[in-house]
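Q: Sequence:
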Amino acid sequence: MSDKTLTRMDLTEAVFQEVGLSRNESAQLVESVLQHMSDALVSGESVKISSFGTFSVRDKAARIGRNPKTGDEVPIHPRRVLTFRPSHLMKDRVAAGNKA
1 MSDKTLTRMD
11 LTEAVFQEVG
21 LSRNESAQLV
31 ESVLQHMSDA
41 LVSGESVKIS
51 SFGTFSVRDK
61 AARIGRNPKT
71 GDEVPIHPRR
81 VLTFRPSHLM
91 KDRVAAGNKA
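Going by my numbering, the first residue of the sequence shown is number 1, and it counts up by one from there.
It should be emphasised that the hints constitute simulated quantities derived from the structure, not laboratory data.
Note that beta-carbon positions come from the ideal geometry of N, C-alpha and C, so glycine has one too.
Honestly, I wouldn't trust all of these hints.
Computed cross-link-like contacts, DSS-like style, restricted to lysine-lysine with a CA-CA straight-line distance of at most 27 Å [said to hold, decoys possible]:
hint, residue 1, residue 2
1, 48, 60
2, 91, 60
3, 4, 60
4, 4, 69
5, 4, 91
The calculated label-pair distances, taken between Cβ atoms and stated as ranges, are [as the list claims (entries may be wrong)]:
hint, residue 1, residue 2, range
6, 5, 64, 48 to 54 Å
7, 37, 3, 38 to 44 Å
8, 80, 32, 21 to 27 Å
9, 64, 25, 33 to 39 Å
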């Protein structure tokens, strides 16, 4: 597996190179897109990006868990979790990249 991580700065640089906006405008565009996605998720909406995947928020109910070390029962509080489900195209691209 690669140690490389795609960052906001990488996205900003890609927008700068591909679209031709200034670096500041590119950074503002990337921030704006990420802010819109975050706001939608916080409000409970799903974010679907065609050919990429869907981000959604799930509400998980309270349950009883178990400490694996001691075996003691521990209450797990209800919470909201962020999930990502990749599209079939994304799954195929990633799988094809592994074969190269």
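Q: If a hint holds in the structure, say so; if it doesn't, say that too.
A: A quick look at each hint next to the structure:
Distance hint between residue 48 and residue 60 is fulfilled; the C-alpha atoms sit about 21 Å from each other, no more than 27 Å. Restraint check for residue 91 and residue 60: the C-alpha separation of about 26 Å stays at or below 27 Å, so the hint holds. Proximity of residue 4 to residue 60 is assessed by CA-CA distance (about 32 Å); at most 27 Å being required, the pair is judged violated. At most 27 Å may separate the alpha-carbon atoms for a hinted pair to count; residue 4 and residue 69 exceed this at roughly 34 Å.
Annotation: proposed proximity of residue 4 to residue 91 holds, straight-line Cα distance about 19 Å (limit 27 Å). Range check, residue 5 to residue 64: Cβ separation about 36 Å, and the 48 to 54 Å hint is violated. In this structure the supplied range 38 to 44 Å is violated for residue 37 paired with residue 3, their Cβ-Cβ distance being about 26 Å. Checked against the given bound of 21 to 27 Å, the beta carbons of residue 80 and residue 32, roughly 24 Å apart, stay inside it.
Between residue 64 and residue 25 the Cβ separation comes to about 52 Å, which falls outside the hinted range of 33 to 39 Å.
When the structure is compared with the earlier hints, violations turn up for hints 3, 4, 6, 7 and 9 and for no others.
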